[in-house]
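Student: Listed below, chain by chain, are the residues.
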Amino acid sequence: MRPYLLKGHERPLTQVKYNREGDLLVSCAKNLQPCLWSAEDGRRIGTYEGHNGAIWTCDITWDSDRLITGSADQTVRIWDLPTGKELFQIRHREPCRAVKLSAGERFLAATSDAFIESPPAIHIYKFAENIEDQTATAAIEWTVPKGRVTRVFWTDCNRKLITSHDGGILRRWDVETGAMLQEQQVHEDAIQDMQMSPDESHVITASLDKTARLVDVDTFEVLKTYKTGRFVQSAAMSPLFDHVLLGGGQDASQVTTTAAQAGGFEARFFHKIFQEEFGRVRGHFGPINTVAFHPSGKSFTTGGEDGYVRLHHMDMDYFTTKFF
Amino acid sequence: MGIKSDDDDVKDEDVQTQSGFGSCIVIQNLPKAPEEKYEKLMGVVRTIATKLGDVRENGIYMPLDDATKTTKGFAFVEMARKEDADAALSDERFVNGYQLDKNHKLTLCRFDDFDKYAKVPDEYASPEPVAYKQPENLHSWLADKLGRDQYVMRHGDNTVVCYNDGKRSRAEVAYQREYWTESFVQWSPQGTMLATMHRQGMAVWGGPNFTRINRFSHQNVRLIDFSPNEKYILSYTSHEPVNARDSFHVLINVFDVRSGKLLRKFEGPVDEYAVGSSAGPNGALKWPVFKWAGGRDDLYFARLGRGKISIFECPSMALLGKESLKVDGVQDFEWSPVEAVLAAYSAEQGNQPARISLIKIPERTEMRQKNMLNVSDVKLYWHPQGTYLAVKVEAWTKTKKSTVTNFQIFCVKDKDVPLEVFELKNNKERVLNFAWEPKGHRFAVVHGDGPRPNISFFSMRDDKGRLGVRELKMLESRACNVISWSPQGRIIVLAGLKNFNGQLEFFNVDEMETMATAEHFMATDVEWDPTGRYVATVVSHVQQMENGVKMWSFGGRELYSAQRDKLYQFSWRPRMPSLLPPEKEAEIVKNLKQYTKRYDEEDEQLLQQADADVLQERQRALDEWKAYCESRRNYAALQLDFKRELYGPRFAEKEYTIQKVMVEQVVDQKEEPYSTK
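Just so you know, the protein sequences line up as chains A and B, in that order. Numbering-wise (full-length UniProt numbering), the first sequence opens with residue 1 and increments by one. Numbering-wise (full-length UniProt numbering), the second sequence opens with residue 1 and increments by one.
The set of hints was computed from the structure by calculation and includes no laboratory data. Note that the structure is predicted; figures quoted are calculated from it, not measured. C-beta: ideal position from N, C-alpha, C; glycine also. Please note that the accuracy of each hint is not assured.
Unchecked claim - From the structure, some residues in chain A lie toward chain B, with a derived Cβ separation under 10 Å: (1) W62; (2) N158; (3) S197; (4) K224; (5) K272.
Said to hold, decoys possible - Straight line, CA to CA, 30 Å or less: simulated DSBU-like cross-link-like pairs of lysine-lysine: (6) K227/A x K167/B; (7) K498/B x K227/A; (8) K227/A x K626/B; (9) K17/A x K224/A; (10) K566/B x K227/A; (11) K626/B x K224/A; (12) K643/B x K160/A; (13) K265/B x K51/B; (14) K370/B x K360/B; (15) K626/B x K322/A; (16) K392/B x K428/B; (17) K670/B x K85/A; (18) K660/B x K85/A; (19) K298/A x K626/B; (20) K298/A x K322/A; (21) K167/B x K224/A; (22) K231/B x K308/B; (23) K643/B x K272/A; (24) K626/B x K160/A; (25) K100/A x K643/B; (26) K298/A x K100/A.
Generate the whole structure from the sequences, applying the supplied hints.
Tutor: The structure is reproduced here in structure tokens:
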């Protein structure tokens, strides 16, 4: 497959996200402007200007009309997605690492990191249909025991939230009261990324303990483990086949790289059920920080420490070959 | 440490002292002194007793005979504690008697012994015969139906022994155990046993279930070495000196492997042992210090001394001929791998030139020798089958500013041991490595001054078998720092490890062509299996990431790879040399087709069986996953319905059309006066 090389950021990528319909791709990086691309051919449509710090995360509404970004500049901003106009700003006291809209998009969950005296926290805001009604006060917010929150998801018909943390812990919270319902040590080291399965019954977690795991949402039982020899920064599940995609790698400053290894950082494909690796895609010049599958499962995107976004459309082989 | 040690169940025999006199010892064979000399003798006894340990206040009682008014010739000494009495009885100086003077050799014994021996029954009762326990077959792994070899890996806290299933491209675990060893593991040279290291000593394990065969006591043992035929095992520790100015003290124990008995100790300051090539940096010792002679029996082992080589014979462990072999200025020596012949190199000494001698043991006859002048350094390379000895000599040029390298090759198996001398085309080039082809007559030299060295191949014989060094081919500028011949010869792996990032080249020396090039990123080691069918490349914990093993066929085709985090050690299990006589081997090679046909059929059957196993496992995983999805189906449906409710008409999203919309956006508006001139 010939990947499209999207050069939109000079700094490492933090998250890439497709919209629900699969025609748009948003990339967030440590530079100040998230980019909007066409998922079909990689044309850049525009950038969102306004943030003053690295963008850690984003979320897109059902109709792709609004974009929400969380940033290290301690704000969560709501943008008009097609035009790039900033619509609203929510100020925190700490950087925001993860944002997620509830099903139905009446609420927005946003996290904040720990600051000098305050522990990490989760805030739930009302997400207004009409932007004039949007407020910056949280409907409910609560603090989290020490351990930076890296990702957040709504589950069980918006009654609960699950969060992933540094230290390899997953936690479940009751949305109405903010009470912690369950805490489980699933990994031995920080969980860098978590993505939800298409049917929302399980998540895949990517961790610095060099594994990725499939975890059930209700019980936090570990269903599958995918082992690699390198840090795993991000993982995604294919909506089409029983495949999972892992991205990661060790920072180049710690490994002597020779000319032969340029472009040697690989995205790895594992069989979801047999837990065996069956393919690798090379190309990045640095560790891969984020991976995402297209909603159709026919293409995928990876973003790396090298500042490049690589958009891959699968060849016919991928659909016809019996890997196992 | 919280980890159950195997030695926990061994307790020292507790001598139960019923009488309460456990701390009392008796000194016998004292001189019988008259009353006048009583005080003086008491003083002597007191000195001796305090040397042994703490004596209780007024604990010495030396009875006087009333009739003769002389001491009875013995004294009772009460030590402070039972432990002192034990220590006294095992004190080295007194164990075999203490020579007080010409006529009196003092002996010690426990007070309770008298009682114990008096209790010995007069009737002899024969001991109970121990039931015969069938020992396990230590060679069971050689009888593997699929003819697979084993290797051991240490990763994390785990030690695992695997079968290398090259045909099915995977490894099969034979045995594994956590915390099996406290530092490293080591195979015995014929592969029969695996040795593990512990605080109290070492243990050897073997058989199909790796049960413990024996253990050897040596506190804080650091390094071990087996004799080539596995009869003996040596262990080494070095002790810090009491006085900071003294040198380290080394202790080497020699045990019999089968019985576990300690046969001999070697002790002394490290300076005595770290001589010539046995000396490492900073005066440390290079292990192994004792080198074993080749051959099918463990007959001799030797070490370097100052100006001599001390050779010991087995099983007596005594110095051969009661005298070391005098070799003035000896710096290095190596035994032939197949017989009791040693090659010794002595450095230039004053008027004496440097020389290499080949000496036959035990006769101590010199088979051949060569003198050399202006020598800077010498390295000895024996051919694995003992056919040749290559000596790499670096000699100073007239100006003493640089060195030239030449090779002196002794053809040991030929009549009169002829000597072949040869140099590389550019004799000033640095020679980085030299390796003989096993079971063959060729050798490879790695040389060059640049970052990528050249590799040249030579043969000792021409097509008709006549002796003479001929160059075969030179490979220029290879990214290679390690060369590794197959144990069967004919194929060599040129590897660029560490700095060269794991480039591999599989080269066929018969055809003089590269069979395959491959890569194992960050590889740190290359290891051939003992049969020469497979090559393992390893990324060990020297590298932080991507620790693991890759298995290749001898032709350079990758078979499988296994990732093991924190991989500390990888080691193939050696095989004992073939028991077939050479005629039988030649016959098999001639009729190879017949034999292969028979074994191919067997292999087919076994492979099919194995495939079935894998498929079964996969099916089980699939079924399990299906069951999980079923169990979550309700929950998933619930979420879907919930969303449908929330989004209403927007939820039906099946068909959509792509519409191109032109959006005009005013980016910038500027008013500029246009001046007309």
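Student: All the hints need checking, so say for each whether the structure fits it.
Tutor: Status of each hint after checking the structure:
no., hint, result
1, W62, "holds (6 Å)"
2, N158, "holds (8 Å)"
3, S197, "holds (9 Å)"
4, K224, "holds (9 Å)"
5, K272, "holds (8 Å)"
6, K227/A x K167/B, "holds (24 Å)"
7, K498/B x K227/A, "holds (24 Å)"
8, K227/A x K626/B, "holds (22 Å)"
9, K17/A x K224/A, "holds (24 Å)"
10, K566/B x K227/A, "holds (14 Å)"
11, K626/B x K224/A, "holds (14 Å)"
12, K643/B x K160/A, "holds (15 Å)"
13, K265/B x K51/B, "holds (25 Å)"
14, K370/B x K360/B, "holds (15 Å)"
15, K626/B x K322/A, "holds (19 Å)"
16, K392/B x K428/B, "holds (13 Å)"
17, K670/B x K85/A, "holds (22 Å)"
18, K660/B x K85/A, "holds (21 Å)"
19, K298/A x K626/B, "holds (23 Å)"
20, K298/A x K322/A, "holds (16 Å)"
21, K167/B x K224/A, "holds (29 Å)"
22, K231/B x K308/B, "holds (26 Å)"
23, K643/B x K272/A, "holds (26 Å)"
24, K626/B x K160/A, "holds (26 Å)"
25, K100/A x K643/B, "holds (15 Å)"
26, K298/A x K100/A, "holds (25 Å)"
Checked against the numbered hints above, the structure violates none of them.
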